[in-house]
Amino acid sequence: MAIEGIMENVASDITSATKTLFETMIMLDLKHDSSFFEDDTQIKTDVIGMVSFTGKYHGVIALFCSKKFALKVASTMLMTDLTDFTNEVKDAVGEVSNMIAGNVKTKLTAQYGEMNLSIPIVIAGEGLSITAVNNHPVVAETTLSCFSKDPWLMTPFISSGEKFDVGLLLKESGK
Amino acid sequence: MPKVLIIDDSAVMRKIIQRNIQQSGLLVDEFVEAGDGREGLEKATANNIDLILCDWNMPNMTGIDFVKALRGSGQKSNIPIVMVTTEGGEAKIEEAKNSGANGYLTKPFTPDQLKSKLGNFLLVK
Chain A
1 MAIEGIMENV ASDITSATKT LFETMIMLDL KHDSSFFEDD TQIKTDVIGM
51 VSFTGKYHGV IALFCSKKFA LKVASTMLMT DLTDFTNEVK DAVGEVSNMI
101 AGNVKTKLTA QYGEMNLSIP IVIAGEGLSI TAVNNHPVVA ETTLSCFSKD
151 PWLMTPFISS GEKFDVGLLL KESGK
Chain B
1 MPKVLIIDDS AVMRKIIQRN IQQSGLLVDE FVEAGDGREG LEKATANNID
51 LILCDWNMPN MTGIDFVKAL RGSGQKSNIP IVMVTTEGGE AKIEEAKNSG
101 ANGYLTKPFT PDQLKSKLGN FLLVK
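From first to last, the protein sequence lines are chains A and B. Under our numbering, the first residue of the first sequence carries the number 1, and numbering increases by one thereafter. Under our numbering, the first residue of the second sequence carries the number 1, and numbering increases by one thereafter.
Since the hints were derived computationally from the structure, they do not count as laboratory data. Beta carbons: idealized from backbone N, C-alpha and C, even for Gly.
A few chain A positions that, by computed beta-carbon distances, are all more than 10 Å from chain B:
{"hint": "1", "residue": "I3"}
{"hint": "2", "residue": "K31"}
{"hint": "3", "residue": "V60"}
{"hint": "4", "residue": "K68"}
{"hint": "5", "residue": "T83"}
{"hint": "6", "residue": "I123"}
{"hint": "7", "residue": "G161"}
Simulated pairs of lysine-lysine, DSSO-like, Cα-Cα distance not exceeding 30 Å:
{"hint": "8", "chain 1": "A", "residue 1": "K56", "chain 2": "B", "residue 2": "K92"}
{"hint": "9", "chain 1": "A", "residue 1": "K90", "chain 2": "B", "residue 2": "K117"}
{"hint": "10", "chain 1": "B", "residue 1": "K3", "chain 2": "B", "residue 2": "K92"}
{"hint": "11", "chain 1": "B", "residue 1": "K115", "chain 2": "A", "residue 2": "K31"}
{"hint": "12", "chain 1": "B", "residue 1": "K92", "chain 2": "A", "residue 2": "K171"}
{"hint": "13", "chain 1": "A", "residue 1": "K90", "chain 2": "B", "residue 2": "K3"}
{"hint": "14", "chain 1": "A", "residue 1": "K19", "chain 2": "B", "residue 2": "K92"}
{"hint": "15", "chain 1": "A", "residue 1": "K107", "chain 2": "B", "residue 2": "K68"}
{"hint": "16", "chain 1": "B", "residue 1": "K115", "chain 2": "A", "residue 2": "K19"}
{"hint": "17", "chain 1": "A", "residue 1": "K19", "chain 2": "A", "residue 2": "K72"}
{"hint": "18", "chain 1": "A", "residue 1": "K44", "chain 2": "A", "residue 2": "K171"}
With the sequences and hints as input, model every part of the structure.
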């Protein structure tokens, strides 16, 4: 099967893993849309939670979301109202990414043999305030852009009125 | 009253597990936390632990290496260990069992799934 076909199968696993996670540990409503390939230059986000995997195939599964959504998810998981973007919020985003990637990896392992997962990494941008010409302040809503040599297969989700994406980069090892 | 050691590199996950156990009605007197297998070994040997919940993928010392180290140490080597991890699949469960783990629960889990798994090792109020 061509790598694009495998990626689409994996995207279906990502959707199912994300739904299971929201039904068991996050308890927020969740809707998803069809996956699509997105050029890295189009990805703008506040927070990235990513887990890489190696084996017959290697790649990255990454959660892209706003700080507002990260706060919402962390607050729900911890059953407390968090308002500051602390390390605890980053930890929660890391665990969410880890649980999605772990579920997907189990399915990949069943089909393609043993694979190894990395520990999650979370990257969050700080809000930028830029004073533009004519003294009109401009606030950048999103502060991170993502660069990679291949397009991401993105699966878009909406929860509590906030959009987030789970992206996949996948390559066959040794090719 | 039982003392439970939770080993997970995520402080958020340690809190969630603790809260779920407290709300489940399972009898636990005290929770001890560790952020990786190495710290887990220190805490397991320094405390009178009755049950250990252990993640798999962690920095410094993985959960499976922790299980092997504790079982091979001769000290406290009979404390029940339940793996609580995103690692799933038969091969991983078998590896954990063969290394000395007594139970296995994959994340994500519901409070009922956690209670059911730990009910084999803890009494209910």
